[in-house]
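**Q** The primary structure of each chain is shown beneath.
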Amino acid sequence: MGLFGGGNSAAAAAQSAAQLQMAEQEMDAITDLFNRLVSTCNKKCVPNKYRDGELTKGESVCIDRCVAKYMEAHDKIGKLLQEMNAQQGGQAPV
Amino acid sequence: MGLFGGGNSAAAAAQSAAQLQMAEQEMDAITDLFNRLVSTCNKKCVPNKYRDGELTKGESVCIDRCVAKYMEAHDKIGKLLQEMNAQQGGQAPV
Amino acid sequence: MGLFGGGNSAAAAAQSAAQLQMAEQEMDAITDLFNRLVSTCNKKCVPNKYRDGELTKGESVCIDRCVAKYMEAHDKIGKLLQEMNAQQGGQAPV
Amino acid sequence: MDFSGMSQGDQEVMARILEKKQMQDFLRLYNGLTEKCVGDCVEDFTVRHITGHEQSCIEYCASKFIKLSQRIGQRFAEQQALQQEAAGAGQ
Amino acid sequence: MDFSGMSQGDQEVMARILEKKQMQDFLRLYNGLTEKCVGDCVEDFTVRHITGHEQSCIEYCASKFIKLSQRIGQRFAEQQALQQEAAGAGQ
Amino acid sequence: MDFSGMSQGDQEVMARILEKKQMQDFLRLYNGLTEKCVGDCVEDFTVRHITGHEQSCIEYCASKFIKLSQRIGQRFAEQQALQQEAAGAGQ
Numbered sequence: 003m004g005l006f007g008g009g010n011s012a013a014a015a016a017q018s019a020a021q022l023q024m025a026e027q028e029m030d031a032i033t034d035l036f037n038r039l040v041s042t043c044n045k046k047c048v049p050n051k052y053r054d055g056e057l058t059k060g061e062s063v064c065i066d067r068c069v070a071k072y073m074e075a076h077d078k079i080g081k082l083l084q085e086m087n088a089q090q091g092g093q094a095p096v
Numbered sequence: 003m004g005l006f007g008g009g010n011s012a013a014a015a016a017q018s019a020a021q022l023q024m025a026e027q028e029m030d031a032i033t034d035l036f037n038r039l040v041s042t043c044n045k046k047c048v049p050n051k052y053r054d055g056e057l058t059k060g061e062s063v064c065i066d067r068c069v070a071k072y073m074e075a076h077d078k079i080g081k082l083l084q085e086m087n088a089q090q091g092g093q094a095p096v
Numbered sequence: 003m004g005l006f007g008g009g010n011s012a013a014a015a016a017q018s019a020a021q022l023q024m025a026e027q028e029m030d031a032i033t034d035l036f037n038r039l040v041s042t043c044n045k046k047c048v049p050n051k052y053r054d055g056e057l058t059k060g061e062s063v064c065i066d067r068c069v070a071k072y073m074e075a076h077d078k079i080g081k082l083l084q085e086m087n088a089q090q091g092g093q094a095p096v
Numbered sequence: 199m200d201f202s203g204m205s206q207g208d209q210e211v212m213a214r215i216l217e218k219k220q221m222q223d224f225l226r227l228y229n230g231l232t233e234k235c236v237g238d239c240v241e242d243f244t245v246r247h248i249t250g251h252e253q254s255c256i257e258y259c260a261s262k263f264i265k266l267s268q269r270i271g272q273r274f275a276e277q278q279a280l281q282q283e284a285a286g287a288g289q
Numbered sequence: 199m200d201f202s203g204m205s206q207g208d209q210e211v212m213a214r215i216l217e218k219k220q221m222q223d224f225l226r227l228y229n230g231l232t233e234k235c236v237g238d239c240v241e242d243f244t245v246r247h248i249t250g251h252e253q254s255c256i257e258y259c260a261s262k263f264i265k266l267s268q269r270i271g272q273r274f275a276e277q278q279a280l281q282q283e284a285a286g287a288g289q
Numbered sequence: 199m200d201f202s203g204m205s206q207g208d209q210e211v212m213a214r215i216l217e218k219k220q221m222q223d224f225l226r227l228y229n230g231l232t233e234k235c236v237g238d239c240v241e242d243f244t245v246r247h248i249t250g251h252e253q254s255c256i257e258y259c260a261s262k263f264i265k266l267s268q269r270i271g272q273r274f275a276e277q278q279a280l281q282q283e284a285a286g287a288g289q
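Protein chains in written order, with this note's numbering: chain R, 3 to 96; chain F, 3 to 96; chain Y, 3 to 96; chain S, 199 to 289; chain A, 199 to 289; chain V, 199 to 289.
What the hints contain is simulated information worked out from the structure, not anything from laboratory work. Be aware that one or more of the hints could be misleading.
Examples of chain F residues lying across from chain V (beta carbon under 7 Å, computed) [said to hold, decoys possible]:
hint, residue
1, A15
2, A19
3, L35
4, N37
5, R38
6, T42
Taking lysine to aspartate or glutamate pairs in the DMTMM-like style, the calculated list, with each CA pair at most 20 Å apart, reads [stated by the list, open to error]:
hint, chain 1, residue 1, chain 2, residue 2
7, S, K219, F, D34
8, Y, K46, V, E217
9, R, K81, S, E233
10, V, K234, Y, E28
11, Y, K51, V, D238
12, V, K265, Y, D66
13, A, K265, R, E28
14, S, K219, F, E56
15, F, K78, V, E276
16, S, K219, F, E26
17, A, K218, A, D208
18, V, K265, V, E276
19, V, K234, A, E233
20, R, K45, R, E28
21, F, K59, V, E241
22, F, K51, S, E241
23, F, K51, S, E283
24, Y, K45, Y, E28
25, R, K81, F, E56
26, Y, K78, Y, D34
27, Y, K46, A, E283
28, R, K78, A, E252
29, Y, K81, A, E252
30, S, K234, F, D54
31, A, K219, R, E61
32, F, K81, Y, D66
33, V, K218, F, D54
34, V, K219, F, E28
No residue lacks a Cβ here, since even glycine has one placed at the ideal position from N, Cα and C.
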């Protein structure tokens with residue numbers, strides 16, 4: 003690690019480790035978001051009685067709208083959290 | 003690590019690593035407990051129909067009692083597990 | 003690590019690290035499978051009204067069958083995923 | 199938890215682990231809020247955008263859940279402090 | 199996500215982490231499919247083996263869930279691309 | 199799982215990982231028991247302490263769930279053994 007990546011001092015290594023950790027956390031957060039999105043839109047759009055293995059037209063349309071609405075809600079809640087953070091210098095519980 | 007922390011032998015490092023790991027596991031267990039507590043008391047005390055963004059007086063009182071009862075139950079179950087462990091030299095499944 | 007384990011080159015260490023990682027992932031997958039199995043067969047076989055702390059005969063029989071059916075379904079779904087993978091060079095989403 | 203028995207180096211490692219976990223807790227809270235509030239508030243899939251009614255429901259839901267988490271956080275900390283006292287008295 | 203700001207060494211580490219996570223995602227999908235489809239399809243515990251009716255229900259359930267995941271994966275990627283564009287335009 | 203193909207050093211690392219996971223499994227079981235049994239048994243929030251009726255319900259719930267886990271653990275181990283045999287015969 004860092005072999006071709008420029009300066010090799012302990013400071014650079016620490017920065018690199020912090021950067022890797024943040025990238026990994028971001029990936030984990032996106033995977034978690036995706037899994038919850040799948041679970042929610044499955045519940046909202048696909049009844050759990052199965053007559054065949056294909057998505058119907060109606061289910062497909064519902065899924066697309068569900069994804070759009072979920073992501074819109076995610077953005078709105080993100081802004082809400084930022085506002086609250088700015089107001090209170092607030093912190094997450096625990 | 004261990005730069006100002008006294009003896010620097012491999013044994014000390016191993017002990018230190020084990021201590022750090024236990025502390026991290028304890029933190030994870032407390033976070034998990036907290037998240038389950040929030041989820042349970044939310045289900046028990048806050049109906050998921052929303053008329054505004056404030057907790058009502060009734061909900062707040064319910065939440066406080068729910069936390070107290072949850073922690074009391076957690077203690078009791080902890081003692082129960084200890085007893086079972088003592089009786090059987092029992093182990094967790096898997 | 004690797005002290006008595008034969009060749010000590012970087013390549014051997016990397017192989018060893020990959021092997022350890024795979025073994026750890028396999029353990030995590032089995033633990034996850036077991037936990038979902040317990041949760042499912044608990045829901046299917048044990049009503050959540052409690053009159054005493056023992057499993058009834060009927061519940062025990064139901065649990066054994068539930069485990070057998072769950073594992074059979076797990077195998078079938080595994081084969082299904084393999085087929086799909088073979089057909090499409092398909093990949094997991096995200 | 200009490201880290202005072204640790205070496206200074208270990209306390210620094212612990213502080214970094216703690217920081218990482220706080221970030222994880224925040225991301226989990228954020229993702230969990232979206233899942234809960236979409237689950238409770240979004241029912242109309244004949245349109246592609248959040249309706250006015252859904253929007254205010256989501257805001258109330260998020261606000262209420264955050265207040266619930268904060269209240270439980272306080273009670274939880276009090277309980278933990280009580281237990282540590284009890285454990286201390288028992289020694 | 200954009201890793202181009204990283205050193206080559208870090209990009210390699212990242213690639214290995216990514217590979218590990220894809221394996222985890224696959225195992226999670228696999229275990230999750232079994233849990234969901236047994237939950238939705240298996241109701242008869244008077245016998246020890248999957249019945250014909252349960253078998254086709256499980257196959258439909260798995261097939262449908264995989265198609266749902268793939269469709270959402272596409273939409274999700276489109277949304278992420280749009281957001282990165284928007285973020286880029288804002289800079 | 200069979201670790202006999204590993205070097206002795208790796209087997210020691212594996213043993214430590216296993217120990218860590220057993221601790222995690224125990225803590226997860228413990229936290230999960232509380233969540234399940236409070237969910238199933240505690241309904242009266244007009245009082246601050248566990249009532250007698252709730253107390254015995256929690257004890258039955260915990261005892262039953264542990265017995266269920268142990269029984270499933272046995273069946274699960276038998277199934278895994280069967281599969282390894284089948285895999286061995288197929289080689």
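**Q** Against each hint, give a clear statement of whether it holds in the structure.
**A** Here is what the structure says about each hint:
1. Because the closest C-beta pair between F:A15 and chain V is about 14 Å apart, greater than 7 Å, the hint is violated.
2. At about 10 Å, the closest approach between the beta carbon of F:A19 and any beta carbon in chain V exceeds 7 Å, and the interface hint on this residue is violated.
3. Restraint check, F:L35 versus chain V: the minimum CB separation of about 5 Å is within 7 Å; hint holds.
4. A cut of 7 Å between beta carbons decides the hint on F:N37: the least distance to chain V is about 9 Å, and the hint is violated.
5. A hinted interface residue such as F:R38 counts as satisfied when its beta carbon comes closer than 7 Å to some beta carbon of chain V; here the least separation is about 4 Å, so the hint holds.
6. About 6 Å separates the beta-carbon of F:T42 from the nearest beta-carbon of chain V, less than 7 Å, and the hint is met.
7. For the given pair, S:K219 sits about 12 Å from F:D34 by alpha-carbon distance, which is consistent with the 20 Å threshold.
8. With a C-alpha separation of about 31 Å, the suggested pair Y:K46 and V:E217 falls outside the 20 Å cut-off, and the hint is violated.
9. Taken as a hint, the R:K81 and S:E233 pair is honoured in the structure, with Cα atoms around 16 Å apart against an allowance of 20 Å.
10. Taking the CA atoms of V:K234 and Y:E28, the gap is near 27 Å; set against the 20 Å cutoff, the hint is violated.
11. Annotation: proposed proximity of Y:K51 to V:D238 holds, straight-line Cα distance about 8 Å (limit 20 Å).
12. Distance hint between V:K265 and Y:D66 is fulfilled; the C-alpha atoms sit about 13 Å from each other, no more than 20 Å.
13. Distance check on the hinted pair: A:K265 and R:E28 sit about 26 Å apart at the alpha-carbon level, beyond 20 Å; violated.
14. Distance hint between S:K219 and F:E56 is unfulfilled; the C-alpha atoms sit about 28 Å from each other, more than 20 Å.
15. Between F:K78 and V:E276 the CA atoms are separated by roughly 33 Å; this puts the pair beyond 20 Å, and the hint is violated.
16. Pair hint S:K219 plus F:E26 holds up; C-alpha atoms about 10 Å apart against a cutoff of 20 Å.
17. Of the pairs offered as hints, the one joining A:K218 and A:D208 holds, with about 15 Å between alpha carbons and a cut-off of 20 Å not exceeded.
18. Restraint check: the Cα-Cα separation between V:K265 and V:E276 comes to about 17 Å, which is no more than 20 Å; the hinted pair holds.
19. Among the hinted pairs, V:K234 with A:E233 is consistent with the structure: their alpha-carbon atoms are about 18 Å apart, no more than 20 Å.
20. Only pairs whose Cα atoms come within 20 Å are accepted, and R:K45 paired with R:E28 is rejected, the gap being roughly 26 Å.
21. Straight-line distance between C-alpha atoms of F:K59 and V:E241 comes to about 18 Å, which keeps the hinted pair within the 20 Å bound.
22. Of the supplied pair hints, the one linking F:K51 and S:E241 holds, its CA atoms being roughly 13 Å apart against a limit of 20 Å.
23. A hinted pair counts as satisfied when its Cα atoms are at most 20 Å apart, and F:K51 with S:E283 does not qualify at roughly 40 Å.
24. A distance of roughly 26 Å separates the Cα atoms of Y:K45 and Y:E28; the hinted pair therefore is violated under the 20 Å criterion.
25. Taken as a hint, the R:K81 and F:E56 pair is honoured in the structure, with Cα atoms around 19 Å apart against an allowance of 20 Å.
26. In summary, the hint linking Y:K78 to Y:D34 is supported, as the alpha carbons are separated by about 18 Å, within the 20 Å threshold.
27. The suggested pairing of Y:K46 with A:E283 is violated, with an alpha-carbon distance near 48 Å, which exceeds 20 Å.
28. This hinted pair does not check out: R:K78 and A:E252 have alpha carbons roughly 42 Å apart, beyond 20 Å.
29. Note on Y:K81 and A:E252: the hinted pairing holds, with a Cα-Cα distance of about 16 Å set against a maximum of 20 Å.
30. Taken as a hint, the S:K234 and F:D54 pair is honoured in the structure, with Cα atoms around 16 Å apart against an allowance of 20 Å.
31. For the proposed pair A:K219 and R:E61, the alpha carbon gap of about 29 Å is over 20 Å, so the pair is violated.
32. With a C-alpha separation of about 29 Å, the suggested pair F:K81 and Y:D66 falls outside the 20 Å cut-off, and the hint is violated.
33. A C-alpha spacing of about 45 Å is found between V:K218 and F:D54, which places the hinted pair above 20 Å, so the restraint is violated.
34. With a CA separation close to 13 Å, the supplied pair V:K219 and F:E28 stays within the 20 Å bound.
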